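J.: Here's the letter readout for the chains.
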Amino acid sequence: MVGVGKRYPATIAVDNVDFEVYAGEVHALVGENGAGKSTLMKMLAGSFNDYTGAIFVNDREVRLSSPSVAKSYGIGMIYQELSLAQPISIAENLLAGRLPRKGLFIDRDKMVKQAKRLLKTVGLDTLDPLLPIEDISQHEAQLVEIAKVVGTNPCILVMDEPTSALSKEEVERLFEIIGRLRNTGMAIVYISHHLPEIFRIADRVTVMRDAKKVATRNIKDISREEIVQMMVGKSIKEFFQKEAHPIGKPLLEVKNLSRWGFFHHIDMTVHAGEIVGICGLSGAGRSELAQVICGVEKADEGSIVLDGENIGGLSMAKRVMKGLGYLTEDRKLEGLALRLAMDDNILSAMIPQLRHGMIYNNRYGRNMAKKLVKDLSIYPTDLSRTAGNLSGGNQQKLLLAKWMATNPKVLILDEPSRGVDVGAKMTIHDTIERLAKEGSAVIVISSDLPELVRLSDRVLIMRKGHFTRNMEQNELSEESLLLAANTEVGA
Amino acid sequence: MSEKQVNDVRALRTSRFSSILNNFGIYAIAVLFIIFGALLQSVGAINNFLNPKNLLNIVDAVALLGIVAAGMAFVTYSGHYADLSVPTTIALTGIVSVELLKYGFIPAILGALVVGLGVGVVNAVVIGKFKANPIIWTLSMSYVSLGIIRFVWVNKQIYPDMITDDAFAVMLFDNIYRFRLFGVISLPLILMILLVVAGQFLLKKTPFGAQLKLTGSARRTAKFTGVNVEMMVGMAFVICAFTATIAGLAITSLSRVGAWYNGEGYDFRAVTAIVIGGMTLAGGRGSIVGVLGGTIVIGLMNNIMTLLGIGTFSQDIIRGAIFILVVAINAKNLRSMGRDDA
Chain B
10 MVGVGKRYPA TIAVDNVDFE VYAGEVHALV GENGAGKSTL MKMLAGSFND YTGAIFVNDR
70 EVRLSSPSVA KSYGIGMIYQ ELSLAQPISI AENLLAGRLP RKGLFIDRDK MVKQAKRLLK
130 TVGLDTLDPL LPIEDISQHE AQLVEIAKVV GTNPCILVMD EPTSALSKEE VERLFEIIGR
190 LRNTGMAIVY ISHHLPEIFR IADRVTVMRD AKKVATRNIK DISREEIVQM MVGKSIKEFF
250 QKEAHPIGKP LLEVKNLSRW GFFHHIDMTV HAGEIVGICG LSGAGRSELA QVICGVEKAD
310 EGSIVLDGEN IGGLSMAKRV MKGLGYLTED RKLEGLALRL AMDDNILSAM IPQLRHGMIY
370 NNRYGRNMAK KLVKDLSIYP TDLSRTAGNL SGGNQQKLLL AKWMATNPKV LILDEPSRGV
430 DVGAKMTIHD TIERLAKEGS AVIVISSDLP ELVRLSDRVL IMRKGHFTRN MEQNELSEES
490 LLLAANTEVG A
Chain E
641 MSEKQVNDVR ALRTSRFSSI LNNFGIYAIA VLFIIFGALL QSVGAINNFL NPKNLLNIVD
701 AVALLGIVAA GMAFVTYSGH YADLSVPTTI ALTGIVSVEL LKYGFIPAIL GALVVGLGVG
761 VVNAVVIGKF KANPIIWTLS MSYVSLGIIR FVWVNKQIYP DMITDDAFAV MLFDNIYRFR
821 LFGVISLPLI LMILLVVAGQ FLLKKTPFGA QLKLTGSARR TAKFTGVNVE MMVGMAFVIC
881 AFTATIAGLA ITSLSRVGAW YNGEGYDFRA VTAIVIGGMT LAGGRGSIVG VLGGTIVIGL
941 MNNIMTLLGI GTFSQDIIRG AIFILVVAIN AKNLRSMGRD DA
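As you go down the protein sequences, you meet chains B and E in turn.
Going by our numbering, the first residue of the first sequence is number 10, and it counts up by one from there.
Going by our numbering, the first residue of the second sequence is number 641, and it counts up by one from there.
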């Protein structure tokens, strides 16, 4: 790819980038969210027909105007999001579009045989190819996806975060497969956030930042710190520092709160100026607890007191008015309205507060939105831009801005920095700490252990719907949290 | 000013310009239609287009469709596409009002409103609260209303002057459609203007409108922001049923007969006006003023086609084709903005 570029109406996503990958190498592509990695690879997959610059495959210039054209040049893509059809069998998914036929009908025996052979390439030879996709686990599905793409015999294979759904052993198996494919002369582009993985398998690495290429290096000639520095554009030494802040009166008191089947007899008090982490495995009831506290779901028993006032019977709208905020885990589905402008999103939680008599006018809130965009260094700064066009990190900051705008007394954040880049994470953490310092009570629900260690004054361990332990700041480390989250109740 | 600021200002200006275009582009198209009609008349292809009487015809037709579309637009805006029970709500409220005319004019109007809002509340509960598919549910609702009409009135049509001897009540009822302020401005037109102004205000200037926008654009997000989404969606259907009731009274007054077929075609024509007027089926976009523009364009188009001597069925084909075209363009625009959830 020579000098390629792609503009969205709002942003330049890829700016004049040169990128090359040789046969028989694994080429890692790294960068923060929004750096343009995915867009660059989508170009290669033929998702856009309006890119600028030129793309060469085997020294021949090609115009990759559609996915089918890209496929015909031997470019295979494995995305983060699975592209398998759920109720259909593994075999039919693997061989979609090229099912063996016998006359008018599908040749079942041959289909099973071919599917078995493909599954073997990813080490799933024990799996019955006639099972529907929905019956196998997510990591098996991920491997099936890889087998599907490998089955089309691509000469260039692009993998976008292929290990995100895999366990440690499966990652090892995947690396074996990648190694084997490389030795057959395939060119492999490997996108990942996990730097250790890259040092394991990549031959070369290209770093992108702000839609531009920073550098391409041999993996032997570069250290992890150097890569991070290139990604962030600054040293990350100043990253982990905790400031002390005074703790005041209780702002949120939860007593004996239960939602049958999700969590039981939860007692919790969070004070002004305090950041309380909630740590637990997925399915421990963390998000359900937050949803009951904020009023999206109903409690079966127990009381919720916000700054001295019982809010248990109020609607979520009323609770928000009284100073409660809930930053949801899923920013795309539950956090933002992606089709609306940035200012509509930032002010969405305070529509009732911005009413003047019968009139709602977001001009009153516009100045606040502008200030938040500046404080959280959200890019772009033009409030009329559509939220969906922002990068993941900026969307997450936008979501935080939406709740900061309500000036909450108590803010519950569910996975506040999931899947965002280092820079956005730093801003989000700073903002959370500032909020606490200004006297709000903050609850952080997170699976990101370093995040909990860094932010929390204390951490409540949640397991199977109960709080099993309260860990003070001096006990906090990634190892101790992990251990506590996996310890049985009462142990 | 720094270069960046200059760019920001410029971006703001273009976005303002394009939003003006979005809102008023449809009126430019309406003007083009008028010019087109005038041209056709000047070359002799059609007669009487610019005749005051014909222009009044257009306005009257626009008024009826505009009343329906102004209400249904709330349903579209809420992200629920359309209310297909509108035609039968028109018929049902119309026939109820004629039946009740024997108790006087006021009971007739009130009865129609009660029945119409009743339909709206049922839609509101089933779609808002129980999250039924809006198309399937309102389609079922239309058959229920139709069944009620045919069962209660045994497949008969009823006429105001046969229902009651109260000539004054009949005269009042006839005048719902025929009353003209200063001999020109019809009552439906006045009602439509009031509804459009109220609708535009509600959608763009009130907390309800802002929350409906959030609901229509991203329902789950609205829920997790504290918006009472069930209430928002329900209100949209009640508003739609309310304007359908007004239209039912006007249309029944026009035809001087209460009959099951009174509202036929208003569902599709209203949706077309809404979509042409810039309100995408995806919800949360567009305005009532834009929908009025869409209604005017449809009115002009129908009139010109009729003057050209194009048959009713051919007109349906043309309208359908235009609808498909507009939806396709909408979908393509959304996709080029990086969103493919049209």
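Be careful, since some hints might not be right.
As a list, the in silico SDA-like pairs of lysine to any residue whose alpha-carbon atoms are at most 25 angstroms apart [claimed, not checked]:
hint, chain 1, residue 1, chain 2, residue 2
1, B, Lys221, B, His148
2, B, Lys341, E, Lys796
3, B, Lys331, B, Asn370
4, B, Lys229, B, Asp212
5, E, Lys771, B, Glu306
6, E, Lys844, B, Ala326
7, E, Lys693, E, Tyr721
8, E, Lys863, B, Lys446
9, B, Lys341, E, Asn868
10, B, Lys327, E, Asn795
11, B, Lys122, B, His148
12, B, Lys341, E, Glu870
13, E, Lys845, B, Ala326
14, E, Lys863, B, Tyr373
15, B, Lys446, B, Leu342
16, B, Lys331, E, Glu870
17, E, Lys742, E, Phe673
18, B, Lys379, E, Arg925
19, E, Lys771, B, Lys229
20, E, Lys863, B, Leu342
21, E, Lys845, B, Asp169
22, E, Lys769, B, Met330
23, E, Lys863, B, Glu297
24, B, Lys380, E, Pro847
25, E, Lys796, E, Leu753
26, E, Lys863, E, Ser895
27, B, Lys327, B, Tyr373
Heads up, incomplete: computed chain E residues facing chain B, CB under 10 angstroms, no partners named [what the hints assert, rightly or not]:
hint, residue
28, Lys769
29, Phe848
30, Ser857
31, Arg860
32, Ser895
33, Ala899
If you are wondering where the hints come from, they were derived from the structure by calculation, not from laboratory data.
What you are looking at is a predicted structure, and each value in this text was computed from that prediction instead of being measured.
All C-beta atoms, glycine included, are put in the ideal place defined by N, C-alpha and C.
J.: State for each hint whether it applies.
T.: Cross-check of the supplied hints:
no.: 1; hint: Lys221/B - His148/B; verdict: 33 angstroms, violated
no.: 2; hint: Lys341/B - Lys796/E; verdict: 54 angstroms, violated
no.: 3; hint: Lys331/B - Asn370/B; verdict: 21 angstroms, holds
no.: 4; hint: Lys229/B - Asp212/B; verdict: 8 angstroms, holds
no.: 5; hint: Lys771/E - Glu306/B; verdict: 17 angstroms, holds
no.: 6; hint: Lys844/E - Ala326/B; verdict: 20 angstroms, holds
no.: 7; hint: Lys693/E - Tyr721/E; verdict: 35 angstroms, violated
no.: 8; hint: Lys863/E - Lys446/B; verdict: 29 angstroms, violated
no.: 9; hint: Lys341/B - Asn868/E; verdict: 19 angstroms, holds
no.: 10; hint: Lys327/B - Asn795/E; verdict: 51 angstroms, violated
no.: 11; hint: Lys122/B - His148/B; verdict: 22 angstroms, holds
no.: 12; hint: Lys341/B - Glu870/E; verdict: 21 angstroms, holds
no.: 13; hint: Lys845/E - Ala326/B; verdict: 19 angstroms, holds
no.: 14; hint: Lys863/E - Tyr373/B; verdict: 24 angstroms, holds
no.: 15; hint: Lys446/B - Leu342/B; verdict: 30 angstroms, violated
no.: 16; hint: Lys331/B - Glu870/E; verdict: 22 angstroms, holds
no.: 17; hint: Lys742/E - Phe673/E; verdict: 45 angstroms, violated
no.: 18; hint: Lys379/B - Arg925/E; verdict: 23 angstroms, holds
no.: 19; hint: Lys771/E - Lys229/B; verdict: 58 angstroms, violated
no.: 20; hint: Lys863/E - Leu342/B; verdict: 10 angstroms, holds
no.: 21; hint: Lys845/E - Asp169/B; verdict: 44 angstroms, violated
no.: 22; hint: Lys769/E - Met330/B; verdict: 23 angstroms, holds
no.: 23; hint: Lys863/E - Glu297/B; verdict: 15 angstroms, holds
no.: 24; hint: Lys380/B - Pro847/E; verdict: 23 angstroms, holds
no.: 25; hint: Lys796/E - Leu753/E; verdict: 22 angstroms, holds
no.: 26; hint: Lys863/E - Ser895/E; verdict: 44 angstroms, violated
no.: 27; hint: Lys327/B - Tyr373/B; verdict: 21 angstroms, holds
no.: 28; hint: Lys769; verdict: 15 angstroms, violated
no.: 29; hint: Phe848; verdict: 8 angstroms, holds
no.: 30; hint: Ser857; verdict: 4 angstroms, holds
no.: 31; hint: Arg860; verdict: 5 angstroms, holds
no.: 32; hint: Ser895; verdict: 38 angstroms, violated
no.: 33; hint: Ala899; verdict: 40 angstroms, violated
The structure fails to meet hints 1, 2, 7, 8, 10, 15, 17, 19, 21, 26, 28, 32, 33 from the earlier list, while all remaining hints are met.
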